[in-house]
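Q: As a plain string of letters, each chain reads:
4 protein chains.
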Amino acid sequence: MKIKPEFDLIPEDGWRKKIYETVYLSHTKAGKIFDICLLVLILISTALLMVETIPIFRLEYYREFYYAEFFITLIFTIEYILRIICVKDREEYIFSPLGIIDFLSIVPFYISLFFPIWHFVAIIRMLRMLRIFRIFNLADYMHDGRFIVSALKHSSRKIYIFLLFMVIFIIMIGSLMYLIEDGKNGFSSIPQSVYWAVVTITTVGYGDISPATPLGKMLSIVVMLCGYSIIAVPTGIVTSEFRKQKKNNFQCDRCGNEDNDENARFCKICGEKII
Amino acid sequence: MKIKPEFDLIPEDGWRKKIYETVYLSHTKAGKIFDICLLVLILISTALLMVETIPIFRLEYYREFYYAEFFITLIFTIEYILRIICVKDREEYIFSPLGIIDFLSIVPFYISLFFPIWHFVAIIRMLRMLRIFRIFNLADYMHDGRFIVSALKHSSRKIYIFLLFMVIFIIMIGSLMYLIEDGKNGFSSIPQSVYWAVVTITTVGYGDISPATPLGKMLSIVVMLCGYSIIAVPTGIVTSEFRKQKKNNFQCDRCGNEDNDENARFCKICGEKII
Amino acid sequence: MKIKPEFDLIPEDGWRKKIYETVYLSHTKAGKIFDICLLVLILISTALLMVETIPIFRLEYYREFYYAEFFITLIFTIEYILRIICVKDREEYIFSPLGIIDFLSIVPFYISLFFPIWHFVAIIRMLRMLRIFRIFNLADYMHDGRFIVSALKHSSRKIYIFLLFMVIFIIMIGSLMYLIEDGKNGFSSIPQSVYWAVVTITTVGYGDISPATPLGKMLSIVVMLCGYSIIAVPTGIVTSEFRKQKKNNFQCDRCGNEDNDENARFCKICGEKII
Amino acid sequence: MKIKPEFDLIPEDGWRKKIYETVYLSHTKAGKIFDICLLVLILISTALLMVETIPIFRLEYYREFYYAEFFITLIFTIEYILRIICVKDREEYIFSPLGIIDFLSIVPFYISLFFPIWHFVAIIRMLRMLRIFRIFNLADYMHDGRFIVSALKHSSRKIYIFLLFMVIFIIMIGSLMYLIEDGKNGFSSIPQSVYWAVVTITTVGYGDISPATPLGKMLSIVVMLCGYSIIAVPTGIVTSEFRKQKKNNFQCDRCGNEDNDENARFCKICGEKII
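First to last, the sequence lines map onto chains A, B, C and D.
The first sequence runs 1 to 275 under the numbering used here.
The second sequence runs 1 to 275 under the numbering used here.
The third sequence runs 1 to 275 under the numbering used here.
The fourth sequence runs 1 to 275 under the numbering used here.
Incorrect hints may appear among the rest.
A pair holds if it fits inside one copy or across any two, identical chains being indistinguishable in the list.
In silico lysine-lysine, DSBU-like type, Cα no more than 35 Å apart, as pairs [to be verified]:
no.	residue 1	residue 2
1	K153	K217
2	K88	K217
3	K32	K153
4	K18	K88
5	K29	K17
6	K217	K29
7	K29	K88
8	K32	K17
9	K17	K153
FYI, nobody ran anything at the bench for these hints, they're computed from the structure.
Just need the whole structure built from these sequences, with the hints factored in.
A: Here you go:
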């Protein structure tokens, strides 16, 4: 099933229509090739940005990285201009989330030509990775992605409350641990102890801070067993939400109720027989 | 749906009624503003208490922290007095859990004026964070919170038994490990080894104690694989409890079908109207 | 619901019957008091055995621990003799799992009087903790415990196969990692690397061995993401088993089929109407 | 239920038929004994390969390991030749996955006689562990294994999308952390920070890299709580897939009820006989 492109075409226009079909649509042959090229370019670009930060590579291949980035930014700039040219409502595109990401993918390079603020620029360019979603957005793959997002959205309220409980529990435990370990062994302040509590309850367990007093270890044991049991709660919430999402309910022809179960023979709202 | 306030008002009284509506109710305009102010104040207060324990801040801004705490405690004290004044059964409020928390939120400051026992006081003041529940208690948000608590309560018995099994298993493993590692490598006593066993089975894994002998590592491998499988048990318990909680089905009088949904108006099997 | 005691009484006999009712039964008043005393004694004894291994306590309170252990063993010995006296089939009791545990709870102390092999003795005495199950065995608490065990037993075959897959996967990853890290950074042999693989896949992550080469870190990333996803499998197995266990099925009066669903109106085997 | 052997026999031939029945079939008596011997040999061989890499053993028992490997390879070689002799389509067997694994299990030893490239050879020989699947492939045990694989396969698309989200999220977090920790404390490059992000989100938590700045710790807290919640997603996906796999319900021809169990002989709603 094709999802309609978010931005409309300028009414019938020879070369612009061709660009539009290539750049925005994904079911045409040209569009498919364009999407694949774009995907490859994004992946290469992201990989380069990551590798570039490794000290030994940055020193040795400084110029190569620069030229590669120059070339990639050039292509993205051309693509950005083409997108603006062939779209009907230009402002709508430019200020849409996708348009802003497209803009942020290219502008840091041009800024860095004049102001050598390396670090922040690199991170902003990382946003171009989000452009992958543009490509997948049009693919029918996205149905399953929506399914996950929808399940999470429906259970978000329960998860928020669960997180509220968690946060209060974590701060309490952190404060108590600060008191017990008496500011020593890494528990130098309540925020530090809260950091420890999160590391422990989520079962991450770096070990950069760990209790040293017997009482601290006893409290840790309780906290760990709690964390181990509590993890069942978000799992339970999401799993039961997934189950609800699964149902293939029938719509009643008479009253339009969409919530009839799979094995229903009569609409549960109006009593109409379902064939 | 409004949940009724826990404490009744003194029968019709001009200014007291106004205070009551502001302080205890949350659906009036004044009550809403009051609740939001209270929430903000609690959050600021908690944040200050946490930041205060960071050594560099405590030394530099000692006086600022003191004045901020003074100001916040003053407001909480006024609120506490107002709550006592306008409620009907004062003893009921004062000795209710919420009343005790309200009291414990302010009294440590006044004690600290005379007895400089810093640490314990800070922790007790942390209890004011629990006052957040007062605000959420009245909101309809709480339905989902109750849902989680109810599911945990219903499965608590299974979880208790599971924990009993766990505790015995953990002590056994800890004792065995103490024997294998022969009191070395951090396994200096059975309580220490039990601490290690909990750290391992809950998959926290600080690494402050880890086995060094080949036999100890082999036992660790078994323990870790067990811990990894056992985590499925509380998850399974809670998930299946969540599922049960979901159903509130009606039985059809004519055909006896018990599987009609909460919002059904007709039996989905025989089409009989459900009143 | 009372579960019948596993061992029968010697036919009607004045004082033996009284002992039997106290020692084996738990619904009589004397039996309840006896069970609670036994539970308390087991807990104290276990706690003492654990605390005894802490070096500073062992040195300071050596004699006190000895006398406490002497006293506790004496009581357990008397209990053991009483159990033998009043039971009908003595051999059945002595060689039953519970009888063996009862015996192992007392015999290490008497051995240690003559042969001072401290360590092993301590661990064997830990088995007396298993006697807790004797007390819970008779309580109706056990229904939920059986539920968990039954669910695990029914899903054991799937879990075995899952573990077989896991073990092969873990050894493969361990071998590969040994090759990549080239015997350095703690990956000194394949068994060591396998130990690392288990620590990683189960998300324990001690950090006593962690990859240092870029290639090793890349493989680690893959392994961690696998471990993170794979944990869903045992959870899924156990959860779906729990769901199956939950069903309260009706038995058909005519054909005796016990597997009719809750919402069935006709027996699915013989077609008999279920009221 | 017997699963048919993948490779056909050469049409009726005295001694070849006997070999075929022993080597390929598992329901004959000779076949069963052969399978068990093979399983034991594979397990011993794998154990030897692992132990061989432990430095102290390799130095001391170098010759013993060599002879054991020689002997095991000899038996596997004979088995390989027998398999080729008695099968109908030899090419089909040789180039099948099982045939290639059989070949790779023996050839490294012969290569190592001439070229002493120890390390790679050891790892390739590890592939003989996969031969365990040959034995289990024929056992009815495999039904449950297939069940797990099938459930994972059906949910693979959702898991892929989930992993795509995860990977993008992880790289983003890694880049941000690199910026925050400013290339220090082990966050020396984006790939290193991504490694940290994976270690954290999957709750492994080695602790070889952990945040040291307050801002870094705050981001870590958010990442850990996310990781803790996100783990519910693959669990939810797989669990709901397991549930779907369970049902193989029949539809009733008369009343259209689709919810009859696999073993039902009458429709549970209308009592109609199901053929």
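Q: Does each hint hold? Answer for all of them.
A: Hint-by-hint comparison with the structure:
For a Cα distance limit of 35 Å, the shortest separation of K153 from K217 across copies, 27 Å, qualifies, whereas the shortest one inside one copy, 38 Å, does not. Within a single copy, K88 and K217 get their C-alpha atoms no closer than 65 Å, and across copies no closer than 46 Å, so neither meets the 35 Å cut-off. In the homo-oligomer, the alpha carbons of K32 and K153 lie at most 35 Å apart both inside one protomer (31 Å) and across protomers (27 Å), since each shortest distance falls under that limit. Proximity of K18 to K88 under the C-alpha cut-off of 35 Å is restricted to the intra-copy arrangement: shortest distance 14 Å within a copy versus 58 Å between copies.
Proximity of K29 to K17 under the C-alpha cut-off of 35 Å is restricted to the intra-copy arrangement: shortest distance 14 Å within a copy versus 56 Å between copies. In this assembly of identical chains, the alpha carbons of K217 and K29 never lie at most 35 Å apart, being 64 Å within a copy and 40 Å across copies at closest. Taking the closest pair of Cα atoms, K29 and K88 come within 35 Å of each other only inside a single copy of the chain (22 Å); across copies the shortest separation is 47 Å, beyond that limit. Only within a single protomer do K32 and K17 lie at most 35 Å apart by alpha-carbon distance; the minimum there is 16 Å, versus 55 Å between protomers.
For the homomeric pair K17 and K153, neither the shortest alpha-carbon distance inside one copy (37 Å) nor that between copies (41 Å) is at most 35 Å.
Violated hints for the displayed structure, listed by number in ascending order: 2, 6, 9.
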